[in-house]
Amino acid sequence: MLVMEIYAFILLSLLAIATSIGTVLNRSAVNSALFMVLHLLTLAGLYLLLRAQFLAIIQVIVYAGAIMVLFLFVIMLLNVEEEENIIKNTRFGFIGAFMVGALLLGQVVYSLLGLAGFLPELSGQAEAIGTVEAIGDVMFTDYLLPLQVTAILLTSAVVGAMMIAEFTHADGTPQDVIEHAPEDRVEEGGA
Amino acid sequence: MMSYIVLGVSVALLVSSAAIAVYAERRIAGAIQNRYGPNRVGPLGLFQPVADVIKLILKEDVTPSAGYRFLHTIAPIIPVATAIMTVAVIPFGDGLYVSDMNASVLYLLAIASLGVYGITIAGWASNSKYSLLGGLRASAQMISYELPLGMAVASCLLFAGSLNILDVAASQETWWNIIRNPLGGIIFIISAFAESKRTPFDLVEAEQELVGGFHTEYSSMKFGMFFLAEYMHVVINSMLITTFFFGSYHLPFAGAWLPELSEPLKMALDVSVFLAKTSFFVFFFIWVRWTIGRFTFKQVMDLGWSKLLPLSIINFVVIASVLYFLHNGLS
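If you read the protein sequences in the order shown, they are chains A and B.
Note that our numbering has the first sequence beginning at 1, numbered continuously upward.
Note that our numbering has the second sequence beginning at 1, numbered continuously upward.
Treat the hints with care, since some could be wrong.
[Stated by the list, open to error] Here are some chain B residues the structure puts well away from chain A; computed CB gaps all over 10 angstroms:
#1 8
#2 14
#3 25
#4 38
#5 47
#6 50
#7 57
#8 88
#9 221
#10 265
#11 273
#12 321
[Claimed, not checked] Listed next, the in silico SDA-like pairs over lysine to any residue satisfying Cα-Cα at most 25 angstroms (straight line):
#13 307(B) to 67(A)
#14 129(B) to 31(A)
#15 129(B) to 32(A)
#16 307(B) to 159(A)
#17 129(B) to 66(A)
#18 298(B) to 160(A)
#19 298(B) to 163(A)
#20 307(B) to 165(A)
#21 307(B) to 155(A)
#22 298(B) to 74(A)
#23 298(B) to 78(A)
#24 129(B) to 78(A)
#25 307(B) to 161(A)
#26 266(B) to 160(B)
#27 298(B) to 159(A)
#28 129(B) to 74(A)
#29 298(B) to 161(A)
#30 129(B) to 70(A)
#31 307(B) to 163(A)
#32 129(B) to 67(A)
#33 298(B) to 77(A)
#34 298(B) to 167(A)
#35 307(B) to 157(A)
#36 129(B) to 73(A)
#37 298(B) to 158(A)
#38 129(B) to 33(A)
#39 307(B) to 321(B)
#40 129(B) to 26(A)
Hint data in this document are derived by calculation from the structure and do not stem from the laboratory.
A virtual CB, placed ideally from N, CA and C, is assigned to each residue, including glycine.
Generate coordinates for the entire structure from the input sequences, incorporating the hints supplied.
Next comes the structure, spelled out in structure tokens:
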């Protein structure tokens, strides 16, 4: 069982590193976003290895299932093509990325070699922390105030975004109509 | 051991049920529209799905030359995979399940939220306007209806007091959730229709506007996999409606009158009750498709965000408070 876990950890962490590099280096924005989805899924797998089932599933639902779909949605809608990338034509970027990747890989292999000998046993206590009951218990008793504050903060952020998007001038016209109107009038006058 | 048998049988059942659902869809559509439907291949046209699959396999597989070959190829796999992954937690009878997971309801929601990627990627990788519009509509629709779906499921969990779908099924032995929580049931059924992209929510592939929607540029077995996935999702959603709201494998008010049965007898009864209910809801999906017209996009978004979502939240809060006061008194 332990060998399986180490194997799964190596596989998942290598995948996580590779997909995060893919996210940064890919020139197409859509491919970047898809790499990021894969990255989030591997992170969920790593959480599962730590017995944090609730966190793993919430990771998939919230990040991979909702937020990244919206990201992808916006990217596809705007049709962002082949972004001008700073490291587009420079070999230095690739070399730097390769070195960082190799460094990370070395770190992972090193820590694994260290762990393989005396990987700490997961105690019953540690396993109990990850369950839904345990998280709910703590979240709605000890950490109720931070939870509520975060909720209010997020709600006000959403309402603020709505306000900016729905902003209208005093005469009721949406903001971008006013901005473009003088140019249109000039063109009409010229013709 | 038991769980492996259930896994094998249920996956085989799910894949073949898609073929049966296609045949049923065409025959029922024929009956509703006062015509025959397929009746040439085999007795009563029963071998029509086989003929369809052979046709699909023999067709040429075309990838748009300006598309993205890799994404175009993996896109059809995603909805099929997510449909099959769902089977892992559905209880088919008392003790007949593949895995007993602590948070299986959340697992179901997580898997359902991943299914949208297949369609979005298919729409984008085809490099076609119609496909892209279909994919965008699909992602907007599925994200919107995930919320009321989740809230409706949450209102069911209140009765079971657990996130384990086995407990949800067991808690409905006497009272089905549709009786205890009718509003939640209606919201869940509507959202399930939207999630499986069936009429009246099928504007993802509205022929009149988008040719074929996200699968316009797909042919051969890649198209076949989208087709398979659509019907698998119909079957899966029927199973979920049954499990969450229509008493899972229990007969109506079974706790009140059903005597103790021997184990094999109980198992056979459970499975047949579950399959009968599932088949009814598959029929219901088909029935609605050939009865109601398609909504416009604005209507779909309006229904999801400004009607179903507030309703489902109110429903949840009311049920939670009623249950709280029932348990703790009005002190």
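Verification of the supplied hints:
no.	hint	result
1	8	holds (23 angstroms)
2	14	holds (22 angstroms)
3	25	holds (28 angstroms)
4	38	holds (37 angstroms)
5	47	holds (39 angstroms)
6	50	holds (36 angstroms)
7	57	holds (29 angstroms)
8	88	holds (13 angstroms)
9	221	holds (23 angstroms)
10	265	holds (35 angstroms)
11	273	holds (29 angstroms)
12	321	holds (16 angstroms)
13	307(B) to 67(A)	holds (23 angstroms)
14	129(B) to 31(A)	holds (19 angstroms)
15	129(B) to 32(A)	holds (22 angstroms)
16	307(B) to 159(A)	holds (19 angstroms)
17	129(B) to 66(A)	holds (24 angstroms)
18	298(B) to 160(A)	holds (24 angstroms)
19	298(B) to 163(A)	holds (21 angstroms)
20	307(B) to 165(A)	holds (22 angstroms)
21	307(B) to 155(A)	holds (20 angstroms)
22	298(B) to 74(A)	holds (18 angstroms)
23	298(B) to 78(A)	holds (20 angstroms)
24	129(B) to 78(A)	holds (13 angstroms)
25	307(B) to 161(A)	holds (22 angstroms)
26	266(B) to 160(B)	holds (22 angstroms)
27	298(B) to 159(A)	holds (22 angstroms)
28	129(B) to 74(A)	holds (16 angstroms)
29	298(B) to 161(A)	holds (21 angstroms)
30	129(B) to 70(A)	holds (19 angstroms)
31	307(B) to 163(A)	holds (22 angstroms)
32	129(B) to 67(A)	holds (24 angstroms)
33	298(B) to 77(A)	holds (17 angstroms)
34	298(B) to 167(A)	holds (21 angstroms)
35	307(B) to 157(A)	holds (23 angstroms)
36	129(B) to 73(A)	holds (14 angstroms)
37	298(B) to 158(A)	holds (21 angstroms)
38	129(B) to 33(A)	holds (20 angstroms)
39	307(B) to 321(B)	holds (21 angstroms)
40	129(B) to 26(A)	holds (24 angstroms)
Violation of the numbered hints given earlier is absent; every hint is satisfied by the structure.
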